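> Chain by chain, the residues:
Protein chains: 2
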Amino acid sequence: MHHPDPLVIFQPSGRKGRVPVGTSVLDAARMIGVGIESLCGGEQVCGKCRVRIESGPFSKHGIESDPDNAGPWRDMEGAHITPQEREQGLRLACATTISGDLLIYVPEESRPGKQVITKDARPIDMDCDPAVKVYPVRLSKASLEVPTGDLERLYRALEMAHGLRGLGIDIHPLRALQRCIHDGRGTVTASIWMNREIIRIEPGQGHRPYGLAIDVGTTTLAAYLCDLQTGDVVATASCMNPQIQFGEDVISRISYHLDHADGLAQLNQTVIDGVNRLVEKALSQAAASLDPPPVCAADIVDVAVCGNTLMQYLLLGLDPEPLGHVPFAPANHAGLSIKARDLGLKVGAAARVYVMPIEAGFVGGDNVGVMLIEAPQDSDDTVLIVDIGTNGELIIGNRRRQICSSCSCATGPAFEGAQIEFGMRAAPGAIERVRIAPTTFDVDYKVIGRDAWRRQSSPIDMQVKGICGSGILDAVASLFMVGLVAKSGAFVASGKSDRLRENSQTGMLEFIIARDAETSIGRAVTISQNDIRQVQLAKAAIYSGCKLLLKRVGLERPDRIKIAGAFGNHVDPQMALVIGMFPDCAIECITAIGNAAGDGCRAALLSRRKRVEAERLARRVAYVELSTMKNFQDELIAAMELPHEYDTFPHLTHLLPPGNFDAIH
Amino acid sequence: MHHPDPLVIFQPSGRKGRVPVGTSVLDAARMIGVGIESLCGGEQVCGKCRVRIESGPFSKHGIESDPDNAGPWRDMEGAHITPQEREQGLRLACATTISGDLLIYVPEESRPGKQVITKDARPIDMDCDPAVKVYPVRLSKASLEVPTGDLERLYRALEMAHGLRGLGIDIHPLRALQRCIHDGRGTVTASIWMNREIIRIEPGQGHRPYGLAIDVGTTTLAAYLCDLQTGDVVATASCMNPQIQFGEDVISRISYHLDHADGLAQLNQTVIDGVNRLVEKALSQAAASLDPPPVCAADIVDVAVCGNTLMQYLLLGLDPEPLGHVPFAPANHAGLSIKARDLGLKVGAAARVYVMPIEAGFVGGDNVGVMLIEAPQDSDDTVLIVDIGTNGELIIGNRRRQICSSCSCATGPAFEGAQIEFGMRAAPGAIERVRIAPTTFDVDYKVIGRDAWRRQSSPIDMQVKGICGSGILDAVASLFMVGLVAKSGAFVASGKSDRLRENSQTGMLEFIIARDAETSIGRAVTISQNDIRQVQLAKAAIYSGCKLLLKRVGLERPDRIKIAGAFGNHVDPQMALVIGMFPDCAIECITAIGNAAGDGCRAALLSRRKRVEAERLARRVAYVELSTMKNFQDELIAAMELPHEYDTFPHLTHLLPPGNFDAIH
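Chains as they are written, first to last, in the working numbering: chain A, 1 to 665; chain B, 666 to 1330.
Accuracy of the hints is not assured; some may be wrong.
As the list claims (entries may be wrong) - PhoX-like cross-link-like pairs, simulated, lysine-lysine; straight-line CA separation at most 25 Å:
#1 B:Lys798 <-> A:Lys346
#2 B:Lys1295 <-> B:Lys1011
#3 B:Lys1004 <-> A:Lys133
#4 A:Lys496 <-> A:Lys551
#5 A:Lys339 <-> B:Lys1004
#6 B:Lys1011 <-> A:Lys339
#7 B:Lys798 <-> B:Lys1011
#8 B:Lys1295 <-> A:Lys339
#9 B:Lys1161 <-> B:Lys1216
#10 A:Lys346 <-> B:Lys806
Please keep in mind that the hints were generated in silico from the structure rather than gathered at the bench.
Since the structure is predicted, the reported quantities are computational estimates derived from the model, not experimental observations.
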């Protein structure tokens, strides 16, 4: 008698299915279509995929769930699950293997929220002169006497009607040519790349041409589907970069490649698959709106891509190993135009992908995109642009000179939630704003997906799941301002507030932002001492980078600071100044510029002139490797303090609590 | 209890194996590795795959063979197997399906001989200036201060050392670049296409570059592997065009496409697969010789292809439907350079395929190749070039003008053996020469694979399997000369020779070339009345085509006739004149030029100048569609006679028998 596969039921969704013995709970959830949060992609690292294995007979469900059916406890689970929680049946979904029937409860905290990635496209102002344009033409008739080839007649028609000479044709449109001439009764529309190569033939008038600008971030992929004739963005789609399963930052992805024979192939295929899903997403989004008319993959006749150097490497399938050691020379600086099909991208069959030029080191086409859009090179003022993604990239410059660099360590994780205990991405249920009253230490906060702040709500309505980047930053800044955290980043000894307590597991201090009753995860959401350290590390990397660049150009402070990246849109510039994230600057001179890299990529998609400019900028900008600069270590360590240079922020003193800072030291 | 699959044993090889119920005997033979001739590829058309199903217990083999295990008799088998033969157990291997154990005898006639396709490369004289050349260069070092991209340093080095500017690079060599620079300690070798695109990077000095010229014939594929630095042919390989399973001539392949939704895809994939196997064959041939050093697929950095228009279409995946009707306009006239990978060819990853320009109608790049090599355009004499492949193609021309055309019907099948009763390809066991004594009507003949003629051998040593094209032509010409066949092509009533007999099945006359004892197939090899008709049809197509072209240029006869194609090398020009295959011409002015198309393709592979010339020639040559010419039908019908214009061959009268031709009429 053959035993059926184990039956697995997930609660509260009630979804169930049979899975082969040996399947992990995480994989089973994916197979059955149940969402479980997993930042590390099942690598047993992030601890975000906690589930509870229920015990006992569940006659209603026709199942006897036995925790022994979930495989042996693994040591690494102990890093994320306390002994008490273990007794309650908590396990990591990625670490358990199913050997028999199970009823599994997925706690609120482990359910992925619909992610809010703000990668909206800003209006950009430029002439729309894309690399691919469409030309309708009427062909002369072939005759028995003069049986000129159809292609030759097409070339002649394009020359007569549009002055195009010396054209070539891709094999795909060539295959369609005769059918199109027939179906269009002699009229066809040719899509032509750079006035050089015919990449699409359609009968008659043809479809509107679309292009896709893709910003390949270490953590996030964003795609802008654009009408190539108007320049309008018709759909915006974004998703996690699925490479995150191989590591959260550039260094860990390079390590993955070095440790696995097929690492590069996996990293490459994973991001290509991700981009292809994103293309589908953008297309179905565009299809959902009545106007414009439906767009299909074949209508995407051009693509522009930007990312940091590693992301561009992995998309292209280039071996990133040389990027990891001196002299950090890239394979190429210049932009590349490669057939999308050679990369495996599912867009128009003969479309090309313009991969932006890179600057140096890890500063890639994304930073070129930022420069294209923000144009520090055209500014009389000295502008400091900080692009806070998973990696932090910096530009300082004005009309005379521009210098770029990348921060010395990953700035993202602290602000993406990965290294923060209750950290989560900017998704519904995430605390995004925090304020702490100076004397009562009462906490007010706002949650994504709910307009009313905590004080205007009853506790039960808050349904907090965690805290996202801007919330963490607010929390640390507020704790510092009210004197609960010292300059060093250490909590000031407890007793002042019942919210500041000792963690029963670690013995470390933590501060309660949302109490048990206000959360949907069954416990309080807190900021731990370690969380504060992570924020300090990230802000120190940014601050010291800015400082060293300013020193390089001989300036004390920039005229303006621009914060790029999705996080920049969320962050409260005031709070960022409080914790010393940026060099001193008048608060009104700090602006968030959104996903400037993506906007720049879109500019390159829509304008040939911008591509020429991109190539010029990438060559022209100077690059500084921060880690080789004098005082690098000193600056970094000094920048760990909160705020690094308190005295230089006289205009912020009103925000600071009547402090006993000196007493703390 | 599970029944094992049926056991099938093939004799005389003794090979055996189990195959699933429902497998055809032909497929079973392929699975077990037993060769069975099949021209039609199992389409139940050609009747070449006759096998004998043995009956009874074969204890030695542990098998009880029951003819009932070979599936029901099919009507179409009757076209190839007589009732008597059927009683003896004969079946068509493609029409039988195995349902139980079988012992199957494969008669000699059904065993494929090792094919002799004479597509040897002739020495061609020209400057070797290929499209792809290799350039070794030493790169400057990257430094931390000037971290120039490796690609940019490569471009600079190529410009400094070789004056190359404005280069691009394919994604594949880009992926290899950094590793090669590392492994070559700064020295790399770049293979560059047309001084324009880097298509290969190797560390250090790199390998010798090779190119492949491919002649895609309707029946035969031929490949010449050439050293791109010396121009030498290092390997020659040929095989049947596997598309033959979809039809033997161009019209039947177009029909196959029109009748099947995936016809084009099948035709395309089949020839691509065939070419890929040919590439492997050529490589292993080159590997077998000690000098040159081993060549691998990656060393093939350039490819040139020629074929008739349809063959080029199918290789490119172009829809051939428009070729089949007025105005017969092709998709393109000009040559194309397409990435080999886009066609699925397994050569160097970034290599391009130069597909020769076509002339008009079905006259394609193969004819351009003939013109490139034979250069009628440079001749003061008027040259008539007849390329006898499956299709016949014609050129007439001199320095002033050139006209091309294709014969009105397939000329090949009669000379390839497909439509001839005992016809076979030029393989061991095939009769290739026939002489008949004028009075005794005694027959002498020569067999491929045996030097001694019949008269110098004992009957048993001849081991005749069939008759190939040149043998058929010889036989018909000889029969005509000795008066056994009339001008009309009809056998002269029997009684003159015991070799001329009535076929017991058809009641038609046939002439015995090899008696039972001289063959290995258990019966006499004969020439039937129908065989003579097939030869008449083919020669009439060639003759009338030549005649019409001559008329077009206002000439009675050409100064020279050149016979291209493998068949041309075998054919006895004298015999060809006897049956009236070519217009009257002094016999010493008729020469065989071998596979001139393949030689021309090789020229295009080896010389950029030849590619330019090919494009010019293809545009310049005039094309005549014979079927639209006045008198076309009359000429064709008149040309059926043997010999068409007897009076114009006074110099051949010594070959003719003291005739009673008049008496026949």
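> A separate judgement is required for each hint: does it hold in the structure or not?
Results of checking the hints against the structure:
1. B:Lys798 <-> A:Lys346: Outside the cut-off at roughly 33 Å; violated.
2. B:Lys1295 <-> B:Lys1011: 47 Å, violated
3. B:Lys1004 <-> A:Lys133: Holds, at about 24 Å.
4. A:Lys496 <-> A:Lys551: 41 Å, violated
5. A:Lys339 <-> B:Lys1004: 11 Å, holds
6. B:Lys1011 <-> A:Lys339: 19 Å, holds
7. B:Lys798 <-> B:Lys1011: 20 Å, holds
8. B:Lys1295 <-> A:Lys339: Cα-Cα ~50 Å, so violated.
9. B:Lys1161 <-> B:Lys1216: 41 Å, violated
10. A:Lys346 <-> B:Lys806: 38 Å, violated
In this structure, the hints that do not hold are numbers 1, 2, 4, 8, 9 and 10, in rising order.
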